[in-house]
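Peer 1: Okay, here's what each chain looks like letter by letter:
Protein chains: 2
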Amino acid sequence: MSSLHITGIEGLPEITPGADLAAVILAAAEGTGVPLADGDVLVVTSKIVSKAEGRTVELAEIEPSPFAREWSAKWDKDPAIVEIVLREAKRIVRQLGPILITETYHGFVCANSGVDQSSSGAHGRAVLLPVDPDASARRIREGLRAAGLDVAVIISDTFGRAWREGQTDIAIGIAGMQPILSYIGQVDPHGHEFLVQALCTADELAAAAELVKGNVSRVPVALVRGHAWEPDDTATIAPVLRDQSKDLFR
Amino acid sequence: MSSLHITGIEGLPEITPGADLAAVILAAAEGTGVPLADGDVLVVTSKIVSKAEGRTVELAEIEPSPFAREWSAKWDKDPAIVEIVLREAKRIVRQLGPILITETYHGFVCANSGVDQSSSGAHGRAVLLPVDPDASARRIREGLRAAGLDVAVIISDTFGRAWREGQTDIAIGIAGMQPILSYIGQVDPHGHEFLVQALCTADELAAAAELVKGNVSRVPVALVRGHAWEPDDTATIAPVLRDQSKDLFR
Numbered sequence: 023m024s025s026l027h028i029t030g031i032e033g034l035p036e037i038t039p040g041a042d043l044a045a046v047i048l049a050a051a052e053g054t055g056v057p058l059a060d061g062d063v064l065v066v067t068s069k070i071v072s073k074a075e076g077r078t079v080e081l082a083e084i085e086p087s088p089f090a091r092e093w094s095a096k097w098d099k100d101p102a103i104v105e106i107v108l109r110e111a112k113r114i115v116r117q118l119g120p121i122l123i124t125e126t127y128h129g130f131v132c133a134n135s136g137v138d139q140s141s142s143g144a145h146g147r148a149v150l151l152p153v154d155p156d157a158s159a160r161r162i163r164e165g166l167r168a169a170g171l172d173v174a175v176i177i178s179d180t181f182g183r184a185w186r187e188g189q190t191d192i193a194i195g196i197a198g199m200q201p202i203l204s205y206i207g208q209v210d211p212h213g214h215e216f217l218v219q220a221l222c223t224a225d226e227l228a229a230a231a232e233l234v235k236g237n238v239s240r241v242p243v244a245l246v247r248g249h250a251w252e253p254d255d256t257a258t259i260a261p262v263l264r265d266q267s268k269d270l271f272r
Numbered sequence: 023m024s025s026l027h028i029t030g031i032e033g034l035p036e037i038t039p040g041a042d043l044a045a046v047i048l049a050a051a052e053g054t055g056v057p058l059a060d061g062d063v064l065v066v067t068s069k070i071v072s073k074a075e076g077r078t079v080e081l082a083e084i085e086p087s088p089f090a091r092e093w094s095a096k097w098d099k100d101p102a103i104v105e106i107v108l109r110e111a112k113r114i115v116r117q118l119g120p121i122l123i124t125e126t127y128h129g130f131v132c133a134n135s136g137v138d139q140s141s142s143g144a145h146g147r148a149v150l151l152p153v154d155p156d157a158s159a160r161r162i163r164e165g166l167r168a169a170g171l172d173v174a175v176i177i178s179d180t181f182g183r184a185w186r187e188g189q190t191d192i193a194i195g196i197a198g199m200q201p202i203l204s205y206i207g208q209v210d211p212h213g214h215e216f217l218v219q220a221l222c223t224a225d226e227l228a229a230a231a232e233l234v235k236g237n238v239s240r241v242p243v244a245l246v247r248g249h250a251w252e253p254d255d256t257a258t259i260a261p262v263l264r265d266q267s268k269d270l271f272r
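Line order of the protein sequences matches chains A and B.
The opening residue of the first sequence carries number 23 in my numbering; numbering runs sequentially from there.
The opening residue of the second sequence carries number 23 in my numbering; numbering runs sequentially from there.
Warning: the hint list may mix true and false statements.
Put simply, identical chains are the same to the list, so a pair is met inside one copy or across any two.
As the list claims (entries may be wrong) - No more than 30 Å apart at the CA atoms, straight line, and that leaves these computed lysine-lysine pairs for DSS-like:
hint, residue 1, residue 2
1, K96, K112
2, K268, K99
3, K268, K96
4, K112, K99
5, K268, K112
Read the hints as simulated data drawn from the structure, not as lab findings.
Every value quoted in this text rests on a predicted model; they were computed, and no experiment measured them.
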């Protein structure tokens, strides 16, 4: 019988720059009554990773460009936020009215370069995405390995999509397991060969984790138990990021 | 402690036209050792819904249009399949090389109008999406209600996305619960009001379910236990389908 158990890890302290996330999560999981075990997948909300890595910006210290000023005035936005969004962007993918869909320098296509003003720990402060979410995931995986545990780690964030309303959590960084599971070349129960099917299990795990984390309550980490994965320390999120040359919607 | 348990329902028979899915799933869940209970969410792969509803087409009976013939010859595709894809489409969203991204008459944007040749129960046959997946979900919910159970139902399918490689399972029909959970107006632990956040929990539940269903093994139904939902018999998937006038990528 195939079954998954997903638990929100409660009781994490407010995360400050320099926090050892592996240690903090390990202790909180113990406290939640679900001590981590080999084979678990840990889904960590990017926000606490950003805070641990000091990826917050004081809006008062930002000098907006003339473009950021003009555009903000037109759409009643905070020019400092707009300036940060533009600095985090490699390109503007769509700009219509007050909406700014960008491609971040990592290669993520999302609203406002993933810059967030909620949960920032203070007003007048914005939280940026981690500089290298794969490296962030690896650090947590390494920290847990040092404690004797073989756990895959996904860094997640809440993104919008094309065509569909409502956001979902997706993976922006990964360590220990490949993000995509390909069925290509395998055969279905009727002998039909799969030609195109490759599932982004990393995004599905991130989505599943959101269901127990919620966005209002302070549960930034979820533990997924029962998902089979092949340990692979070369894994990154790169295979999920469609190359622009193959993308029909950028 | 917030926690979810997701179980793949095994032992379903091959589904044929006219099958009573509620009865079949009820029996299989019993057999899997997880009898359904009030408050469960059932995620049902569209394929078995289509089969139960007779939404399969014999390719030999299809007369492709001149356009379908010409385009198929150019890209080495089956003209009957291309003809079916076009018949299921309201509009072609992108057409580049052999890739055909369409908007189905339901309003789903996906590859090949969701027409599938795998798992069709026979070669030379294609499976179409259910005519009205919300109605399909409602029928299953009603069947379970007749057995004394209050269970929400999601019909899922495997779709590609813009910008990201790898497919994920998403919701194409729903009954009993709203597909989107809005945080707008709520306040985070730091007193910051959410201005835009609305989570598509239906898609997250579908994605979570895929992790236990898999595409190769014959596990077309998953049961999610522990997800809190508000019963609402007016629910449909409509709020998830972004109106074309608001869509920057269509």
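Peer 1: If the cut is 30 Å between Cα atoms, do K268 and K112 qualify within a copy, between copies, both or neither?
Peer 2: The answer is both: 18 Å in one copy and 24 Å across copies each meet 30 Å.
Peer 1: Could you place K268 and K96 in one of the four classes (within, between, both, neither) given a Cα distance threshold of 30 Å?
Peer 2: between (34 Å within a copy, 20 Å between copies)
Peer 1: Classify it for me, K96 with K112: is the Cα-Cα distance of at most 30 Å met within a copy, between copies, both or neither?
Peer 2: Classified as within; 23 Å inside a copy, 36 Å across copies.
Peer 1: Can you give me the call for K268 and K99, within, between, both or neither, at a CA distance of at most 30 Å?
Peer 2: between (33 Å within a copy, 20 Å between copies)
Peer 1: Is it within, between, both, or neither for K112 and K99, if the alpha carbons may be no more than 30 Å apart?
Peer 2: Answer is within; shortest intra-copy Cα gap is 21 Å, inter-copy 37 Å.
Figure legend: structure checked against the earlier numbered hints; every hint is met.
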